[in-house]
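Asker: So the sequences go chain by chain: A and B.
Throughout, my numbering is defined as the position within the first sequence, counted from one, plus 1172.
Throughout, my numbering is defined as the position within the second sequence, counted from one, plus 1.
Everything labelled a hint here was simulated from the structure, so no lab data went into it.
Careful, some of the hints might be misleading.
[As the list claims (entries may be wrong)] Chain A regions said to be covered by chain B (calculated; three or more residues, Cβ under 8 Å):
id: 1; stretch: 1248-1261
id: 2; stretch: 1269-1279
[Said to hold, decoys possible] Calculated cross-link-like contacts (lysine-lysine; reagent style DSBU-like; alpha-carbon spacing at most 30 Å):
id: 3; chain 1: B; residue 1: LYS293; chain 2: A; residue 2: LYS1300
id: 4; chain 1: A; residue 1: LYS1280; chain 2: A; residue 2: LYS1292
id: 5; chain 1: B; residue 1: LYS289; chain 2: A; residue 2: LYS1292
id: 6; chain 1: A; residue 1: LYS1292; chain 2: B; residue 2: LYS240
id: 7; chain 1: A; residue 1: LYS1409; chain 2: A; residue 2: LYS1183
id: 8; chain 1: B; residue 1: LYS133; chain 2: A; residue 2: LYS1280
id: 9; chain 1: A; residue 1: LYS1276; chain 2: B; residue 2: LYS289
id: 10; chain 1: A; residue 1: LYS1383; chain 2: B; residue 2: LYS293
id: 11; chain 1: A; residue 1: LYS1280; chain 2: B; residue 2: LYS290
id: 12; chain 1: A; residue 1: LYS1300; chain 2: B; residue 2: LYS240
id: 13; chain 1: B; residue 1: LYS133; chain 2: A; residue 2: LYS1300
id: 14; chain 1: B; residue 1: LYS240; chain 2: A; residue 2: LYS1276
id: 15; chain 1: A; residue 1: LYS1300; chain 2: B; residue 2: LYS6
[Stated by the list, open to error] Pairwise CB distance ranges, derived in the manner of DEER restraints:
id: 16; chain 1: A; residue 1: ASP1250; chain 2: B; residue 2: LEU237; range: 55 to 61 Å
id: 17; chain 1: B; residue 1: ILE129; chain 2: A; residue 2: ASN1191; range: 34 to 40 Å
id: 18; chain 1: B; residue 1: ASP149; chain 2: A; residue 2: TYR1189; range: 46 to 52 Å
id: 19; chain 1: B; residue 1: ILE167; chain 2: A; residue 2: GLY1387; range: 54 to 60 Å
id: 20; chain 1: B; residue 1: ILE128; chain 2: A; residue 2: ALA1404; range: 23 to 29 Å
id: 21; chain 1: B; residue 1: ARG37; chain 2: A; residue 2: LYS1383; range: 34 to 40 Å
id: 22; chain 1: B; residue 1: ILE129; chain 2: A; residue 2: GLU1283; range: 55 to 61 Å
id: 23; chain 1: A; residue 1: TYR1189; chain 2: B; residue 2: ILE166; range: 19 to 25 Å
id: 24; chain 1: B; residue 1: LEU237; chain 2: A; residue 2: VAL1235; range: 50 to 56 Å
id: 25; chain 1: B; residue 1: GLN132; chain 2: A; residue 2: LYS1383; range: 56 to 62 Å
All C-beta atoms in this analysis are idealised placements derived from N, C-alpha and C, irrespective of residue type, glycine included.
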Amino acid sequence: MDKSISIIKFKDVSIGYGNKIIHSNINVEIEQNDFIGLVGPNGSGKTTFLKTLLGNIKPISGVIEKKDIVFGYVPQRDTVQPLLPYTVHDVVMMGRYSLMGLFKNPSKTDEQKVDESLEKVGISDLRKLNYNSLSGGQRQRTLIARALAVDPSVLILDEPTNGMDTPSHYSLLKLISDLHNQSQLTILLVSHLLSDVANLVKKLMLFESGKFKSGSIEEMLSEKNLAQTYSADIEVKKVNGEYHITSRHSE
Amino acid sequence: METIKILFELFPYAILGSIAAGFICSFLGVFVVSQRVVFLGAALTQAAIAGVAFSFLHLLNLEELIATVFGVQSIDNSFLHHFEHTFFSLLFAVIAVIIFSQSNRQKFLTTDSLLGIIFVVAIALRIIFIQKSPIAEVAEIESILKGDILFIGSQEFFTLLIILIIIFLIFTLFNKQLKFVTFDADTAAAHGINERLWLLIFYLTVGVGISLTTRFVGDVFTFAFLILPASTALMLAKKVSGVFFYSVIIGALIPPIAIYIAFVYDISSGPTAVVASFMVFLVVFAFKKLNK
Chain A
1173 MDKSISIIKF KDVSIGYGNK IIHSNINVEI EQNDFIGLVG PNGSGKTTFL KTLLGNIKPI
1233 SGVIEKKDIV FGYVPQRDTV QPLLPYTVHD VVMMGRYSLM GLFKNPSKTD EQKVDESLEK
1293 VGISDLRKLN YNSLSGGQRQ RTLIARALAV DPSVLILDEP TNGMDTPSHY SLLKLISDLH
1353 NQSQLTILLV SHLLSDVANL VKKLMLFESG KFKSGSIEEM LSEKNLAQTY SADIEVKKVN
1413 GEYHITSRHS E
Chain B
2 METIKILFEL FPYAILGSIA AGFICSFLGV FVVSQRVVFL GAALTQAAIA GVAFSFLHLL
62 NLEELIATVF GVQSIDNSFL HHFEHTFFSL LFAVIAVIIF SQSNRQKFLT TDSLLGIIFV
122 VAIALRIIFI QKSPIAEVAE IESILKGDIL FIGSQEFFTL LIILIIIFLI FTLFNKQLKF
182 VTFDADTAAA HGINERLWLL IFYLTVGVGI SLTTRFVGDV FTFAFLILPA STALMLAKKV
242 SGVFFYSVII GALIPPIAIY IAFVYDISSG PTAVVASFMV FLVVFAFKKL NK
């Protein structure tokens, strides 16, 4: 029987900016090969949680234990809009920069990793194209390839399907799912839509105005739990093994 | 040819210095324009001028202090004479850069609001400093503050050349880090790159470059050459290296041509360089529009 290996532990962690606490007493463990959805509306603290996990901001209190974790981070696509005509190859190569020496140029290994990453996300043929000329889905795949180029132990994706058309949306979710299944990659997927991640991930972290809850998908998707978290009457149905989450409207 | 020969005899360092200043501005301009912080150029040029204005108050006699420490005569030493202006110009620009680089740590002000505040406060301080200066000739101070390409002498030229080499070295040696943090600072930080440090190095380099070129060639020339060559190059180039190439070619070639035109038609060389750069921008813009 597989024994789960904990790779990240939040111990009584409070997160926020300055003295303003957004979530307090977070106690959660992330295990190897986890596939976790971070769900909550805009401004509910998902990004603050991620930035604290990545070490970009310090926790207000508590301890985060991380054991030799290499993070691959995929930011929200809209935050990366370069005016300079970087090619897809240029952008993905940036993922290797943190692993190179200060004055070193990309080596053959770096080039190989870039090629592998492009292949994993299915955009090898786009490597010479200008990043700005790509569609939303292609840009997102480029940013995922850049995160994969760092050989991450944990891949973090911040709202990857935001603003995408339906085919690109599902194609990208399938890619993320494949990356998890084929590469045994630990994935944290941020979304403001519960329905977006409910049928994809194994665990959920729910963020809602000061409330933080985490657990397995079955625990978290109980109607009672969702009603407590979102203070709303939410209906959860499982049809052909898939969750359908809707809000009950009372007349 | 005769006119060019006369110009080289009369203003050799002005011609070479204008090329160096144009090169510095157009190179840094690629980053400033692509980072969408064009107003940083305007704010820093004004901060640099406020610094020079501050030096006219003579609150700290650095000239005398350095002369004493190094045992040199301050009288007739033109390097020391100009040092104080340059030092405070740099100091004010660096302070402005440090304030600006911390802007992402707070949520009360947007970047452009902060730059706007730096811009207007710098102008206000400059006016106050000039009014309180013991030197009576306000017009004379204003002309020194504004700088002029034709006033570039050997010291100014060699200072610009050193700054040009330093900037070029910094952006060559730390190309990867600076490229990543200016492209996507959040991801660079997530991947273990100290984005605050590298952004500070980036902005300090930009600040020093802008401050010194403002000091020697004026705020209008500096601000224009930060924006126009880079904006023109972005329309022309299909690769990142091409953007830098076109930008520095335009930035370095136009100023000496402008000096020639200004000499022939008896007009100011700085504004001529700005208008010439704008004409190139306009031609490229029209060409791109017609070929769309």
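Asker: Each hint should be assessed against the structure and marked as holding or not.
Answerer: How the hints compare with the structure:
no., hint, result
1, 1248-1261, "holds (count 8)"
2, 1269-1279, "holds (count 5)"
3, B:LYS293 x A:LYS1300, "holds (22 Å)"
4, A:LYS1280 x A:LYS1292, "holds (18 Å)"
5, B:LYS289 x A:LYS1292, "violated (37 Å)"
6, A:LYS1292 x B:LYS240, "holds (25 Å)"
7, A:LYS1409 x A:LYS1183, "violated (34 Å)"
8, B:LYS133 x A:LYS1280, "violated (63 Å)"
9, A:LYS1276 x B:LYS289, "violated (38 Å)"
10, A:LYS1383 x B:LYS293, "violated (53 Å)"
11, A:LYS1280 x B:LYS290, "violated (41 Å)"
12, A:LYS1300 x B:LYS240, "holds (10 Å)"
13, B:LYS133 x A:LYS1300, "violated (59 Å)"
14, B:LYS240 x A:LYS1276, "holds (22 Å)"
15, A:LYS1300 x B:LYS6, "violated (47 Å)"
16, A:ASP1250 x B:LEU237: 55 to 61 Å, "violated (27 Å)"
17, B:ILE129 x A:ASN1191: 34 to 40 Å, "holds (36 Å)"
18, B:ASP149 x A:TYR1189: 46 to 52 Å, "holds (47 Å)"
19, B:ILE167 x A:GLY1387: 54 to 60 Å, "holds (56 Å)"
20, B:ILE128 x A:ALA1404: 23 to 29 Å, "violated (59 Å)"
21, B:ARG37 x A:LYS1383: 34 to 40 Å, "holds (37 Å)"
22, B:ILE129 x A:GLU1283: 55 to 61 Å, "holds (57 Å)"
23, A:TYR1189 x B:ILE166: 19 to 25 Å, "violated (41 Å)"
24, B:LEU237 x A:VAL1235: 50 to 56 Å, "holds (53 Å)"
25, B:GLN132 x A:LYS1383: 56 to 62 Å, "holds (58 Å)"
When the structure is compared with the earlier hints, violations turn up for hints 5, 7, 8, 9, 10, 11, 13, 15, 16, 20, 23 and for no others.
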